[in-house]
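J.: These are the residues of each chain, in order.
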Amino acid sequence: MTDRLDIDKVIANRGTRIIVCCGSGGVGKTTTAAAIAVRAAEAGRSVVVLTIDPALRLAQSMGLTKLDNTPRVVTGVDTSAGGELHAMMLDMKRTFDEVVLAHTTPDRAATILENPFYQSLSSSFSGTQEYMAMEKLGQLRAEGRWDLIVVDTPPSRSALDFLDAPQRLGSFLDGRFIRLLMGSARTGGRAYLKVLGAGFGAVTGLLTKILGGQMLKDVQTFVAALDTMFGGFRERADTTYRLLQAPGTAFVVVAAPERDALREASYFVERLGEEGMPLAGLVLNRVHSGGAQSLSAERALAGAETLDELGDHPLAAGLLRLHAERARIHTREQQLRRRFTAAHPRVPVVDVPALAGDVHDLAGLREIGTSFAG
Amino acid sequence: MASDESDWEGVRLHVVTGKGGTGKTTVAAALALALSGQGRRTLLIEVEARQGIAQLFDVPPLPYEERKVAAGPGGGDVFALAVDAEAALLEYLDMFYKLGRAGRGLRRIGAIDFATTIAPGMRDVLLTGKLYEAVRRKRNGRPVYDAVVLDAPPSGRITRFLGVNQEVAGLAKVGPVRGQADSIMGLLTSPQTAVHLVTLLEEMPVQETCDAIEQLTEAGLPVGGIVINAVRAPLLKHADLTAAAKGRLDPAVVRGGLQAAGVAVKDSVVEALIDEARDHAVRVALEKSGRRTLKSLDRPTYELPLLAEGVDLGGLYALAERLCQQGAA
Chain A
73 MTDRLDIDKV
83 IANRGTRIIV
93 CCGSGGVGKT
103 TTAAAIAVRA
113 AEAGRSVVVL
123 TIDPALRLAQ
133 SMGLTKLDNT
143 PRVVTGVDTS
153 AGGELHAMML
163 DMKRTFDEVV
173 LAHTTPDRAA
183 TILENPFYQS
193 LSSSFSGTQE
203 YMAMEKLGQL
213 RAEGRWDLIV
223 VDTPPSRSAL
233 DFLDAPQRLG
243 SFLDGRFIRL
253 LMGSARTGGR
263 AYLKVLGAGF
273 GAVTGLLTKI
283 LGGQMLKDVQ
293 TFVAALDTMF
303 GGFRERADTT
313 YRLLQAPGTA
323 FVVVAAPERD
333 ALREASYFVE
343 RLGEEGMPLA
353 GLVLNRVHSG
363 GAQSLSAERA
373 LAGAETLDEL
383 GDHPLAAGLL
393 RLHAERARIH
403 TREQQLRRRF
413 TAAHPRVPVV
423 DVPALAGDVH
433 DLAGLREIGT
443 SFAG
Chain B
79 MASDESDWEG
89 VRLHVVTGKG
99 GTGKTTVAAA
109 LALALSGQGR
119 RTLLIEVEAR
129 QGIAQLFDVP
139 PLPYEERKVA
149 AGPGGGDVFA
159 LAVDAEAALL
169 EYLDMFYKLG
179 RAGRGLRRIG
189 AIDFATTIAP
199 GMRDVLLTGK
209 LYEAVRRKRN
219 GRPVYDAVVL
229 DAPPSGRITR
239 FLGVNQEVAG
249 LAKVGPVRGQ
259 ADSIMGLLTS
269 PQTAVHLVTL
279 LEEMPVQETC
289 DAIEQLTEAG
299 LPVGGIVINA
309 VRAPLLKHAD
319 LTAAAKGRLD
329 PAVVRGGLQA
339 AGVAVKDSVV
349 EALIDEARDH
359 AVRVALEKSG
369 RRTLKSLDRP
379 TYELPLLAEG
389 VDLGGLYALA
399 ERLCQQGAA
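Listed in order, the protein sequences are those of chains A and B.
Reading the first sequence from the start, the letters are residues 73 to 446 in our numbering.
Reading the second sequence from the start, the letters are residues 79 to 407 in our numbering.
Please keep in mind that the hints were generated in silico from the structure rather than gathered at the bench.
The beta-carbon is built from N, C-alpha and C at its ideal position, and this holds for glycine as well.
Careful: at least some of the hints might be erroneous.
Chain B side only, calculated, beta carbon under 10 Å to chain A, not exhaustive [said to hold, decoys possible]:
#1 ARG90
#2 GLY96
#3 ALA250
#4 LYS251
#5 GLU281
#6 LEU314
#7 ALA321
#8 GLY335
#9 ASP357
Some chain A residues flagged as far from chain B (calculated, every beta-carbon gap over 10 Å) [what the hints assert, rightly or not]:
#10 ASN141
#11 SER152
#12 THR293
#13 ALA328
#14 VAL359
#15 ASP384
#16 GLU397
#17 HIS416
#18 GLY429
Starting from the given sequences, assemble the full structure and let the hints guide the process.
T.: What follows is the structure, given as structure tokens:
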């Protein structure tokens with residue numbers, strides 16, 4: 073039988089240093105991360121929560137009014153147990169700039185920051201968020217200021233992107249393509265032509281043809297300028313990846329009781345297993361309770377129809393229909409939940425009941441937190 | 079279906095976006111069905127490697143190949159395609175550059191991998207490129223597809239996704255990449271395109287809809303309609319709702335009604351039903367304010383009912399019919 077996920081136990085374990093909340097878009101990841109962070113801080117942990125793209129009012133509930141990449145104290149959190157809470161929003165451009173500035177000479181940094189390819193890459197293209205979220209996580213961990221970091225993951229097209237980003241970067245930096253680009257930036261490609269054979273001449277020729285000479289030159293300048301930092305990039309990507317595998321990390325997969333969200337959660341659970349990443353369990357958000365349990369949807373509907381025929385008691389008829397709808401939703405959600413737990417019997421699950429409204433204050437986050445109680 | 083009174087006459091590319099979890103794949107599929115009446119052919123495209131379309135239409139996972147997935151309600155066809163960035167790149171290179179040995183070389187040294195997974199933005203360039211190709215493709219002088227429906231990335235990413243070619247045009251001042259980027263932006267900003275937003279009557283999705291419309295408008299991308307998904311029918315009278323919200327429903331009245339309905343009357347059931355009514359009243363109030371906000375956006379708005387048992391193929395046809403009735407197709 074599936075165990076219940078006990079978030080309080082995860083929080084109380086001082087060995088837990090990082091909690092990563094992941095799942096597909098729209099399942100309440102950010103809210104879950106915030107609720108865990110508040111609960112952990114009030115239980116006495118020194119916590120920082122890194123949010124990626126929070127809804128405005130949720131951000132405001134934690135006192136985040138601007139995206140400035142700096143952890144801010146969240147006021148209103150009960151610190152009587154000795155804990156504290158900081159929160160920050162990720163600014164990917166600034167994080168990228170900081171990496172550049174920290175790992176190369178001022179001259180080189182200036183060349184990179186001015187490069188048009190870099191500017192696009194760091195601010196407007198999607199995909200950079202994943203790298204920078206990992207980078208920031210590594211930074212926060214290295215800083216050692218907090219004993220628990222709670223991370224929300226970027227709203228990726230797939231929840232797996234977050235996990236893949238560091239490795240992808242690592243394998244790319246080891247790849248021949250980057251050496252080709254750098255090589256051809258230095259020598260116009262001729263050196264590689266000699267060493268690696270004629271195929272590469274065709275490749276650079278093709279790249280020039282597709283990208284145009286000017287764009288290829290921008291890319292090459294950029295890559296050449298980044299050259300000195302690449303070792304650092306790879307090293308840190310590897311470190312962060314190992315950090316995620318360490319026992320001090322707990323992955324919390326977040327889903328809603330919907331087919332797509334649970335399918336994504338299944339993929340994620342399987343991937344975490346393959347990668348040896350420590351999974352705490354599944355938080356199932358917005359679960360509808362069945363209401364009047366003893367009354368089935370069918371009997372409620374039949375009752376409503378009887379009342380329609382009588383042409384009387386519209387209130388009771390409405391209530392019965394309302395109940396039938398709710399009971400059906402409950403049944404469908406439970407079926408989906410059972411399907412998940414049958415496939416992943418060892419993954420602990422905790423349900424968070426659906427609230428009528430959205431959460432946008434600490435009280436709301438606390439209320440969610442109470443459903444985590446063991 | 080596909081009535082003559084469609085609000086989107088002349089639109090060939092329907093981009094369907096929305097906050098995650100609002101059901102945009104379902105709405106995109108229903109719209110594709112709705113658009114494929116009267117012998118029309120529609121192509122439904124997904125770009126996020128989720129195989130959501132295959133699941134919805136209950137067919138095996140889609141390869142990188144256009145396949146018929148359903149018959150339109152009035153004798154048309156819905157084709158579907160799951161665009162894979164790598165395959166799209168190889169296809170593109172082959173088409174424009176007669177890729178032979180160099181293509182294999184590109185793959186061997188990791189350039190294809192770089193372009194499709196690492197180089198941020200390239201993926202979106204390839205996906206929008208394929209979209210453009212599908213809309214423009216002709217056979218015997220007429221378009222292969224009467225309409226193309228895109229199950230697009232979520233609204234938080236949509237402006238960046240559709241605008242990626244603008245970014246490329248900024249980087250590539252000349253050359254074929256620039257030319258291609260300009261053509262794609264030309265289509266995406268033209269009246270042939272409409273970006274529809276799917277939302278629920280909940281606070282965050284409504285807010286995201288407002289934000290997305292603002293961003294799309296700013297980027298010069300044509301905003302289409304708003305589809306309010308999973309709408310529940312009003313089941314209580316106004317006065318009852320007000321009473322329910324205040325916890326003032328009379329248990330005796332409920333009890334009497336249950337008795338007349340032939341339902342076993344238990345205190346716990348009466349209590350639970352009144353509780354359910356209160357939850358419902360809170361939600362209805364939130365829905366009302368959501369509707370007000372959406373109305374202020376002044377876009378054509380369509381409503382789709384909640385299918386309490388989940389969406390299957392039959393449900394999709396029902397949703398498609400609703401879209402037609404309301405003029406979305």
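J.: With reference to the structure, classify each hint as holding or not holding.
T.: Cross-check of the supplied hints:
Contact between B/ARG90 and chain A, as hinted, is not supported at the beta carbon level, the nearest pair being about 25 Å apart and thus beyond 10 Å. The interface hint given for B/GLY96 holds, since its Cβ lies 9 Å from the closest Cβ of chain A, which is under the 10 Å cut-off. With its C-beta approaching chain A no nearer than about 4 Å, B/ALA250 sits inside the 10 Å limit, and its interface hint holds. For B/LYS251, the interface hint holds, the least distance from its beta-carbon to any beta-carbon of chain A being 6 Å, beneath 10 Å.
With 10 Å as the threshold, the beta carbon of B/GLU281 comes within range of chain A, its nearest partner Cβ sitting at about 4 Å, so the hint holds. The beta carbon of B/LEU314 is positioned within 10 Å of a beta carbon in chain A (closest approach about 4 Å), and the interface hint is therefore held. For the restraint placing B/ALA321 at the interface with chain A, the shortest Cβ-Cβ distance is roughly 9 Å, inside the 10 Å limit, so the hint holds. A least Cβ separation of about 2 Å between B/GLY335 and chain A falls short of the 10 Å threshold, and the interface hint therefore holds.
Taken as an interface hint, B/ASP357 checks out: its beta carbon lies about 5 Å from the nearest beta carbon of chain A, inside 10 Å. In this structure A/ASN141 is separated from chain B by more than 10 Å, as the shortest Cβ-Cβ distance comes to about 19 Å. At roughly 32 Å, the least C-beta separation between A/SER152 and chain B is larger than 10 Å, which holds for a residue marked as non-interface. The beta carbon of A/THR293 is kept farther than 10 Å from every beta carbon of chain B, the shortest such distance being approximately 12 Å.
Look at A/ALA328: its CB is around 6 Å from the nearest CB on chain B, not clear of 10 Å, so calling it non-interface is violated. Consistency note on A/VAL359: stated as away from chain B, and its beta-carbon is indeed over 10 Å from all of that chain's, at 13 Å minimum. Annotated as non-interface, A/ASP384 brings its C-beta within 10 Å of a C-beta of chain B; the closest such distance is 6 Å. Listed as a non-interface residue, A/GLU397 fails to keep its Cβ farther than 10 Å from every Cβ of chain B; the least gap is roughly 5 Å.
No beta-carbon of chain B is positioned within 10 Å of the beta-carbon of A/HIS416; the least distance is around 19 Å. With a closest Cβ-Cβ approach of about 6 Å to chain B, A/GLY429 is found to fall inside the 10 Å limit, against its non-interface label.
Checked against the numbered hints listed earlier, the structure breaks hints 1, 13, 15, 16 and 18; every other hint is satisfied.
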